[in-house]
Amino acid sequence: MNKRVAVAGVIALVSVARVLAQATPPAAKPDGVGSVHVWPVQRNIYALFGPGGNSTVSIGDEGVLVVDTMTAEAAPDLVASIRTISNKPIRWIINTHSHRDHTAGNPVVSKSGVYVATGNTRGGGGASILSFESALMRLNGSANSPDKVAEGGWPTDSFFVKQKDMFFNGEPVLTIHVPNAHTDGDAIVFFRRSDVIAAGDVFTPDRYPVIDLTEGGSINGLIAGLNLLIELAVPEFNEEGGTMIIPGHGRVCDESDVGDYRDMVTIVRDRIQDLVAKKMTLEQVKAARPTFDYDGVYGSPTYTGDMFVEAVYRSLTAASNPAQRSTSR
Amino acid sequence: MSKSLLLALIVATVLLTTIGFAAPQAGGTPPPAQNPPPQGGRGGGRGAPPGPPPTAQAQAPIDLTGYWVSVVTEDWRWRMLTPAKGDTASVPLNAEGQRVAGMWDLEKDKADGNLCRAFGAAGLLRLPLRIHITWQDASTLKLETDSGQQTRLFLFAPPAGPAGERTWQGRSIARWFKQTQLEGLGFGGRGGSLAGGNLRVTTTNMRAGYLRKNGVPYSEDAVLTEYFNRHDEPNGDRWITVTRVVEDPKYLMMPFITSESFKKEADASKWKPTPCQVDPPRS
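Line order of the protein sequences matches chains C and H. FYI, my numbering numbers position 49 of the first sequence as 49, with every residue one higher than the one before it. FYI, my numbering numbers position 110 of the second sequence as 1110, with every residue one higher than the one before it.
You may find that some hints are simply not true.
BS3-like cross-link-like pairs, simulated, lysine-lysine; straight-line CA separation at most 25 Å [claimed, not checked]:
1. H:1250 - H:1108
2. H:1142 - H:1270
3. H:1108 - H:1085
4. H:1085 - H:1178
5. H:1272 - H:1110
6. H:1085 - C:111
7. H:1142 - H:1272
8. H:1085 - H:1110
9. C:162 - H:1263
10. H:1085 - C:148
11. H:1264 - C:162
12. C:111 - C:148
Derived from the structure by calculation, the hints contain no laboratory data.
If we strip away everything but chain C, and leave its shape as in the complex, we get (with noise of 0.2 Å):
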């Protein structure tokens, strides 16, 4: 090759990279603004993890789709941070449970959105929310509940049924009811073609499932939520990928977590079990530590193993509990 071909040919090659440099920019890392960051994890379904919980965003050309809203304080960063990935208006709200650090942010979420409304237009109102019936009563206080929120964060819609479908930013939305599991109004939110679940506090990979039993949670509801997410979830490889599983608290996961948390939150279960059998006090029960080997990995100070144990130990006995007949998955 003489000199002239292999300059030309250098020179050649420069104009296409600067071409295809300015063609295809390197796409922008989102990061998120304040306390909340961004976390990109399939397709256009996105992670943002703030100070006292997770939230999932969807986003499209039909706008955005906000899984739960943070705490009242994180919330206007949780929106600013949205804004860096998507300039189109927050269209629709779902809230996983009714608990203030899921909740709380409705109000400045939902404001800084555009109501889809259930006639046959559009305009003001703010973006619609969808929770569960159960939920819903909590979050607009007809039920007596701490979890009360301002009227403008109250869901506009709600369901009772088993699923709850949409159709949105080009791909299936399936809002599922989770029965008795974290609370009674548990749902975790399926994008479909996306291929990843929000699953709200179901699934809290960082710590002990809490169980809020004065709000209708139970273990055995909440095994059964987590054996619904094994089943929807498909691994791509050696059981690693494929579903990805967002939760309410903690990283982002796969099928295969989600197994493992499983196997810990049944195992713990199974062993309190046996000693109800036996007859054993709760403090007896405490005191055979059933989660000694567990409490190094999901123990935390503000959520204990003895803590778990109690809220197991009282779901197993409580003299009525509807959640105790649904464990069959």
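For chain C, the structure is supplied; the task is to place chain H on it using the hints.
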């Protein structure tokens, strides 16, 4: 293309057109109601005297009678409670409608004895209430509500003559309605078959009232068209879905379309009639 082939194509096209290879009606105006043919007096048999036409009750393709409770799963805060004055979200009001909505005065309505404005036909079934549907006679279906104690009469055989004085519930003309169903790819010929059935009710002659309890207005010129569908679930639940279209040239920019769901109740044990009542809006 040879002449013979061209000729064959023309002949085929004419034949298809003649035997009813008609394109389905697309959108727009729904096809005219096609009531079931009379069961008596169809003729055809020699010597069979023509009988009276069947009544609307006898023709009913669905049974709407019974006690039903509205299930509010959407627009909770605009339906279950009295919204704030001027909160007209999702109602396509024009400027005049907005102005009138802004003039709402609950105390004045109370003083004037007009609390039932929120219980007029165009807004009634959007409210949380129970309904009781019965046949008043063979050609009149009666719908009563517990909340507001309103009575609507769906007339299948409306009397001739003027409608008379305006009322909250207006004058409702009803007919059974069956939607033509296409068959396969539309090659069914003869316009397809009739399936299911619902009730279509057109209501006019209403007094001016409210679409929502907070004074979102509709005028005397409003026309309400409703479609009552019934669907039965595998678990035994019985439902009515009412699709309602409110057209009002005075206050609305476009038709206001909503749907409401009612679940059947076993009996009248939860039926508690109360007069028209409007709570003050939340501050």
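Against the structure, the hints:
The suggested pairing of residue 1250 of chain H with residue 1108 of chain H holds, with an alpha-carbon distance near 22 Å, which does not exceed 25 Å. With a CA separation close to 19 Å, the supplied pair residue 1142 of chain H and residue 1270 of chain H stays within the 25 Å bound. Proximity of residue 1108 of chain H to residue 1085 of chain H is assessed by CA-CA distance (about 14 Å); at most 25 Å being required, the pair is judged to hold. At most 25 Å may separate the alpha-carbon atoms for a hinted pair to count; residue 1085 of chain H and residue 1178 of chain H exceed this at roughly 41 Å.
For the proposed pair residue 1272 of chain H and residue 1110 of chain H, the alpha carbon gap of about 22 Å is at most 25 Å, so the pair holds. Between residue 1085 of chain H and residue 111 of chain C the CA atoms are separated by roughly 18 Å; this keeps the pair inside 25 Å, and the hint holds. Restraint check: the Cα-Cα separation between residue 1142 of chain H and residue 1272 of chain H comes to about 18 Å, which is no more than 25 Å; the hinted pair holds. Under the criterion of a C-alpha separation no larger than 25 Å, the hint pairing residue 1085 of chain H with residue 1110 of chain H is consistent with the structure, at around 16 Å.
Taken as a hint, the residue 162 of chain C and residue 1263 of chain H pair is honoured in the structure, with Cα atoms around 17 Å apart against an allowance of 25 Å. Annotation: proposed proximity of residue 1085 of chain H to residue 148 of chain C holds, straight-line Cα distance about 23 Å (limit 25 Å). For the suggested pair residue 1264 of chain H and residue 162 of chain C, the alpha carbons sit about 19 Å apart, so the restraint of at most 25 Å is met. For the hint pairing residue 111 of chain C with residue 148 of chain C, the CA-to-CA distance comes to about 17 Å; that is within 25 Å, so the pair holds.
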